[in-house]
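*Asks:* Line order of the protein sequences matches chains X and D.
Counting in the working numbering, the first sequence runs from 33 upward without gaps.
Counting in the working numbering, the second sequence runs from 19 upward without gaps.
Worth flagging that the hints you see were computed from the coordinates, not collected in a lab.
Check the hints yourself; a few may be wrong.
Unchecked claim - Derived contacts from chain X toward chain D, CB cut-off under 8 angstroms, selection only:
#1 HIS88
#2 MET129
#3 LEU190
Remember, it's a predicted structure, so these values are computed and weren't measured experimentally.
By construction, the Cβ of each residue, glycine as well, lies at the ideal position given by its N, Cα and C atoms.
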Amino acid sequence: MSAAAELIRGVSLVKRFGGIVANDTVEFSVVEGDLVGLIGPNGSGKSTLINMLTGHLPPDGGEVVVRGHEMRGQAAHLYAAMGVARTFQLTQLFGRMTVLENLLVPGLTRPGSTWRSVVQQARSTLDFLKLTHLEQLHAKNLSGGQQKLLELGRCMMLEPAILFLDEPFAGVHPHLRDQLITRIQELHEAGRTFVVVDHDMESILRLSKRLVVMARGRKIADGPPADVREDQAVLAAYAGS
Amino acid sequence: MRGLHIYILLAVAALALVFADRLSSYWMHVAIIAMFYGILASSWSLLAGYAGLFSLGHMAFASIGGYTSALLVQWYGIPIPVGMVAGVALCCVLGGLIGWVCLRMTGPYLAIFTLGFSEIVRIIFATEDDITAGMAGLHVERLFSTTSRLPYFYVAFALLVVSLLLMGVIVRSRWGLFLRAIREDEQAASASGVAVARFRILAFAIASGFAALAGSFYGHYIGILTPSIGGLDFMAVLVVMTVIGGMERLPTAVGGAFVVEFLLEVLRGYGQWRLPLFGIILLLTMRFARNGLLTPLWLRFVQLGEPRAVAATALRDVPQKDPAQ
Numbered sequence: 033m034s035a036a037a038e039l040i041r042g043v044s045l046v047k048r049f050g051g052i053v054a055n056d057t058v059e060f061s062v063v064e065g066d067l068v069g070l071i072g073p074n075g076s077g078k079s080t081l082i083n084m085l086t087g088h089l090p091p092d093g094g095e096v097v098v099r100g101h102e103m104r105g106q107a108a109h110l111y112a113a114m115g116v117a118r119t120f121q122l123t124q125l126f127g128r129m130t131v132l133e134n135l136l137v138p139g140l141t142r143p144g145s146t147w148r149s150v151v152q153q154a155r156s157t158l159d160f161l162k163l164t165h166l167e168q169l170h171a172k173n174l175s176g177g178q179q180k181l182l183e184l185g186r187c188m189m190l191e192p193a194i195l196f197l198d199e200p201f202a203g204v205h206p207h208l209r210d211q212l213i214t215r216i217q218e219l220h221e222a223g224r225t226f227v228v229v230d231h232d233m234e235s236i237l238r239l240s241k242r243l244v245v246m247a248r249g250r251k252i253a254d255g256p257p258a259d260v261r262e263d264q265a266v267l268a269a270y271a272g273s
Numbered sequence: 019m020r021g022l023h024i025y026i027l028l029a030v031a032a033l034a035l036v037f038a039d040r041l042s043s044y045w046m047h048v049a050i051i052a053m054f055y056g057i058l059a060s061s062w063s064l065l066a067g068y069a070g071l072f073s074l075g076h077m078a079f080a081s082i083g084g085y086t087s088a089l090l091v092q093w094y095g096i097p098i099p100v101g102m103v104a105g106v107a108l109c110c111v112l113g114g115l116i117g118w119v120c121l122r123m124t125g126p127y128l129a130i131f132t133l134g135f136s137e138i139v140r141i142i143f144a145t146e147d148d149i150t151a152g153m154a155g156l157h158v159e160r161l162f163s164t165t166s167r168l169p170y171f172y173v174a175f176a177l178l179v180v181s182l183l184l185m186g187v188i189v190r191s192r193w194g195l196f197l198r199a200i201r202e203d204e205q206a207a208s209a210s211g212v213a214v215a216r217f218r219i220l221a222f223a224i225a226s227g228f229a230a231l232a233g234s235f236y237g238h239y240i241g242i243l244t245p246s247i248g249g250l251d252f253m254a255v256l257v258v259m260t261v262i263g264g265m266e267r268l269p270t271a272v273g274g275a276f277v278v279e280f281l282l283e284v285l286r287g288y289g290q291w292r293l294p295l296f297g298i299i300l301l302l303t304m305r306f307a308r309n310g311l312l313t314p315l316w317l318r319f320v321q322l323g324e325p326r327a328v329a330a331t332a333l334r335d336v337p338q339k340d341p342a343q
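Chain X extracted, bound-state conformation (with noise of 0.2 angstroms):
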């Protein structure tokens, strides 16, 4: 792991909410080509990790590094356009803005973008997450499943060094969850760098490189899946839940 291929770090992330300590102390980094799965039971901080490395928190202790740069008080398009893209546990789409407009927002947010080669790129986005049919419809009238495409969609524009995703599967069919899988892999082929957060273990088993496992706000776990698998720490944690 040479020191110029990692994308991103969280050193000693720390994150109050009253008395709750969300995150205590956590260290995570990715490299390039990683394909993280990040799991934990309700409540160990694993959103709260993923909003402190995508600028959506700010840390109360600790920093965050986008290759090589310390964010501090960097607002969170500025991540964006350091190629740190992002989906949210509950979907959140521009609901009463076209399913392409959707994607050309952070298409066009990218410096010496056109309209013509963002909507082109849109177009094939689009292709690429079997959406095309539904271009013209408000991303408000989409089913769950396809909600969740177009988030990853959305990310892709941003043609990012690494994306975040909250969750994915939640409440989605299986039939369209294979189907993200797919797209994931096949984006994950072409170069693109993930870290997957969920609690379909199944799902993430299929997809993930490496496992980090959160708990009451540390990480507890970090490796390959198989050895996570049979830590004991993973274990009491999840038999504790």
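Starting from the known structure of chain X, arrange chain D on it as the hints suggest.
*Replies:* Frame of chain X; chain D shown alone:
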């Protein structure tokens, strides 16, 4: 024939300009005031309809623009257009400042904040009567020395057209797309790379500038300014106009201003009873046609002369069923 609606609009505009002198002085005044409201409604639509920033301080900026221009012309004898530009510039800066102060506010919090701001402005204008002549009204130098309203009609027309063209360019550009994204979901917009704070401030600055343009024209047309122009009554009329027309499009907002101003005059015989009538129309609009009463008509008008398939796309605002179900 593509773009037929544009030719129709151009033809109507040309007819309005050619036959304007046939209007009675009274109806010409009504038309001028309707165009004044048209600038205000479209700029408020940019802020509240496109960016989702439901500000109740829009008329305060109109009054600041009006007083700034009037006082600068009075004190320094500068040409009226220069005074109007100064009013617009000041309100762009002040609007941006208000936008910055309430960056973290949305919905009712933003509405109450901007309402408070507009009341402060109104009370300052009312109490500082050494400068503003207070409730007695500030005499403002008129734009033209003639008693005819015709030149004012042309100026109002030009200001409305230029405002709509400028705002039209903005809402059709990527800025317009970003503003709508911010309206829909600020967090998702920032995750998509939109500089949310910058665009919120920008929306306030631009909309306030156009409000000031309308306000300064109003002062130099009527010849007198009172603090009430920045009050809640004017703001309520503006909200009624924009919401009834359709606040998410500039043309429907202007249409709302025209229709309501026209009806206010036609129904003048009913005195105060016409106001509850507009209240009821507003309630019905919010309940049954939240995109405004004119939006469906406008969408049909835009598709005139378009091939059928394109027309179906233009009507995409009509709620559609989920094809996956």
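*Asks:* Quick check: which numbered hints come out false for this structure?
*Replies:* none
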